[in-house]
Amino acid sequence: MSQTITIDPVTRLEGHGKITIQLNGQGEVEDAHFHVTQVRGFERFSQGRPFYEMPSLMARICGICPVSHLIASAKACEAIMSVRIPHTASQLRRMLNLAQMVQSHALSFFHLSSPDLLLGMESDPKLRNIFGVLAAKPELGRAGIGLRRFGQHIIELLGSKRIHTGWVVPGGVTEPLSSDHRDEILAMLPEAYTNIALALGAYKQIASSFKQEIEVFANFPSNYLGLINEDESFEITDGDLRLVDPKGAIIEDGITANRFTQVIGEAVENYSYTKFVYYKPLGYPAGSYRVGPLARLNIVKSMGTPRAEKELAEFKQLANGPVESSFYYHHARLVEALHGIEKIEHILADPRILSKHVRATAGVNRLEGAGQIEAPRGSLNHHYKVDENGKMVWANLVVATGHNNHAMNQGVLQSAKAYVKNGKFTEGALNRVEAVIRTFDPCLSCSTHAFGQMPLAMTLLNADGEVVDRIIR
Amino acid sequence: MTQPKPRCLILACGNTLRSDDGVGPWLAEWAQKRFRAESQVRVITRQQWTPELAEEIARAQSVLFIDCSVDSAPGSINLTPVEPTTALQGIATHHQGAAELLALTRDLYSTQPTTAKLLTIGAGSTELGEQFSEAVTAALPEACRMIEETVLLALRNH
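Protein sequence lines, in the order shown, are assigned to chains A and B. The opening position of the first sequence corresponds to residue 1 in the numbering used here, with each subsequent residue numbered one higher. The opening position of the second sequence corresponds to residue 1 in the numbering used here, with each subsequent residue numbered one higher.
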């Protein structure tokens, strides 16, 4: 008799999802799926709105990475306006995006994943949360809070609000950076460097104790996609996309936002509301790939900042070619956060950073435009069509979680096969299957902010759908 | 941290698009204006309280939390002392209660405000909307008076 195990909801994610594991008559894992169970509808209800409202509307998609949607949307609008934004506006947006990356990565590492990493996958689930970490490792807790504050405070200084700032607009930004705010950000840098060094040190100390997890946490050859500069250095705000194969060889380079839809497609599976994004020339699912910190570090030759450069060299030593285990997303995330701090310092040294010229203006000059950016969890593309009056007639958003969807499903299956044996599972096994998803840090939508109050239930169903076993925590 | 250390921290939470849930931000805005000239009063408003706020609490001598309550009668005001607790309702990376934030402050920074109080107003409605219910609207003057009294007391005692 075949059976199904359901993990619903998956906890410590940005949004709502569940996992089902299908067992065969012998109790062995036959198949597994990660389901995204919510519908948002942003592409639909934006139709009819003036295009210049899109950045602030689209930012509402997410409370963790609104900056990504804000900038990708503004870029799509600028393609419609056919304008090139001023240098200072571009640098300020870059700093905003970097600040968001630092705070989002700190949230992912410290708040969502460190309970597993620092307390152990098998530790008491009642204590396996951020409070448990803070009690056991207060110095790391303070570092995590410090890094979050660093990123969020920069966002607040630039955009007047920590979340959903309206500062980024089509054509640039609404206000220049003041010298007081520049100095305030500069003053925060030393503590941020100390905190990220502490996090990297702690991660490296414990990573070697997760050999089995490294082995089965979505550890397989895949393609990788991400933005990259012309000099092959790390990039999250501008540049074009590069896709590499499992050996690291370039499949396609220079994928601009406008060309994105020509080469990237979206497949649909009946078990999830999130689409499955793939590279059209290879078809689906062969053209699937991974995005996000792991992919970004796998595609670049350098980080472009000295401290992160050393960390990248160490990261590249993990494999002969692309680093394949998704467990190393955690590592890559910390390297990126370090880069973010360095790059912010670099941007603030730009003599033009206080320039008052931060916005270009124009009307509708094209009826179609697209913008792309790297969100903390991966590539993000906004593609819009408008009428001659600038009203939105069509929108399509391709988000990081869609890019990673196939890999996450593969990862759930791989880990379920490793940890669910003879139809039996432990709480620790259940947690590990969830933890695979957490490595990707998917953003299913954090708009509800309610997962903390939900129980985690794992249910074993027989072929007739009857409950034969259930664990709740 | 570059802000001066406040004697009194007012920490409000709520969603201004969910009717009475917006009463915390409304009262925080009132307090911001009322104590504009008082540099030792700091007002922070968030949609939800998150762990990062422990750092702010650690720097304050007294803290006044302001929130709406769905468990109290609509418009009823309660001002109660808050003690740190680690009895979590669940894993909460996006949101903590006042007592949990105090516990976090104690565990992370080995310090506590001398006084910590929670002022709540019972919500009549938390449906989508930007208007308060009649009960909450009627309670606003008394809530403002209690906030003023609490803050002035905190400033006198430190």
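Treat the hints as calculated values from the structure; they're not laboratory data. Glycine residues also receive a C-beta, built at the ideal position from the N, C-alpha and C atoms. Honestly, I wouldn't trust all of these hints.
[Claimed, not checked] One side of the interface only, derived from the structure: several residues of chain B facing chain A at Cβ under 10 Å: (1) Glu52; (2) Glu100; (3) Ala103.
- Item | Interface hint for Ala103 of chain B, Cβ within 10 Å of any Cβ on chain A | holds (8 Å)
- With chain A as the partner, please determine if Glu100 of chain B meets the hint condition of a C-beta pair closer than 10 Å. Holds, about 8 Å.
- Task: Tell me if Glu52 of chain B is really an interface residue toward chain A, meaning its C-beta lies closer than 10 Å to one of theirs.
- Result: holds (5 Å)
The earlier numbered hints are all upheld by this structure, with none contradicted.
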